[in-house]
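Going line by line, the protein sequences match chains S and F.
Counting from 1, position 71 in the first sequence corresponds to residue 71 in the UniProt record's numbering; the numbering is continuous, with no gaps.
Counting from 1, position 104 in the second sequence corresponds to residue 104 in the UniProt record's numbering; the numbering is continuous, with no gaps.
Treat the hints with caution; some may be incorrect.
Repeated chains share a single entry, so a pair holds when one copy, or any two copies, can fit it.
[As the list claims (entries may be wrong)] SDA-like mimics (lysine to any residue), calculated; alpha carbons at most 20 Å apart, straight line:
| hint | residue 1 | residue 2 |
| --- | --- | --- |
| 1 | LYS63 | HIS22 |
| 2 | LYS63 | ASP18 |
| 3 | LYS55 | ASP18 |
| 4 | LYS63 | MET80 |
| 5 | LYS55 | LEU17 |
| 6 | LYS55 | ARG11 |
| 7 | LYS55 | ASP88 |
Hints in this document: simulated from the structure, not taken from any laboratory.
Protein chains: 2
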Amino acid sequence: MPFMPRFTHPRLEDVPLDLALHALADPNRLGMVARLAATERLSCTDAAPCDSIPKSTLSNHLKLLRSAGLIETTQSGREMINTLRRDDFDRRFPGLLDAVLANAAT
Amino acid sequence: MPFMPRFTHPRLEDVPLDLALHALADPNRLGMVARLAATERLSCTDAAPCDSIPKSTLSNHLKLLRSAGLIETTQSGREMINTLRRDDFDRRFPGLLDAVLANAAT
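Bound conformation, chain S alone (with noise of 0.2 Å):
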């Protein structure tokens, strides 16, 4: 059987600004964000805004930064790993990520 990655990405140049925009209008998930732009890999439970979210929510909290192109989700040994796709969001949206995160910072 070929290799299926157990998450897909999408190419940023696929990615809308509105599902960008989207995707950080969440206080939980630019929280994730956020904390992912300051500490480079979190599983996904450590990822998670609360202890007290539900596995469903912080799961669709995940597919949705995925499918914005703001996050990569590989799985490394039992665990999921998240990182940001810094790079390439900045590229594809250039200054965007900073100025939200700028704003959320304060």
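We have chain S already, so just place chain F on it with the hints.
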């Protein structure tokens, strides 16, 4: 009877970042903001993204843009005139609208 404004506009400090991003995360609304950024003032009809948009949809878009502190709507004779609250918005979210508009234009 005291003067009652027909529309209310939030103080920008009361607008959360996620609401601002949500308001911009729609191609029709973003197009209206981009047009206002280029045109200074537009009637509601002229601000519409297309002629076929239902009046209630247009009204909801304008209402959301107002609630996010992006536009001001004032009465001028029989017309409602929309302007971008550019300075207010830029002071609250430095660099954000510039980054979004630059990416919308490409």
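The hints, checked one at a time:
Taking the shortest Cα distances, LYS63 and HIS22 sit within 20 Å of each other both inside one copy (13 Å) and across copies (18 Å). For a Cα distance limit of 20 Å, the shortest separation of LYS63 from ASP18 qualifies both inside one copy, at 16 Å, and across copies, at 18 Å. Neither within a single protomer nor between protomers do LYS55 and ASP18 lie at most 20 Å apart by alpha-carbon distance, with minima of 26 Å and 22 Å respectively. For the homomeric pair LYS63 and MET80, the shortest alpha-carbon distance inside one copy (13 Å) is at most 20 Å, but the shortest distance between copies (41 Å) is not.
Taking CA atoms no more than 20 Å apart as the test, LYS55 paired with LEU17 passes in neither setting, with 28 Å inside one copy and 25 Å between copies. Proximity of LYS55 and ARG11 under a CA criterion of 20 Å is satisfied in neither setting, with 27 Å inside one chain copy and 36 Å between copies. Taking the shortest Cα distances, LYS55 and ASP88 never come within 20 Å of each other, neither inside one copy (28 Å) nor across copies (39 Å).
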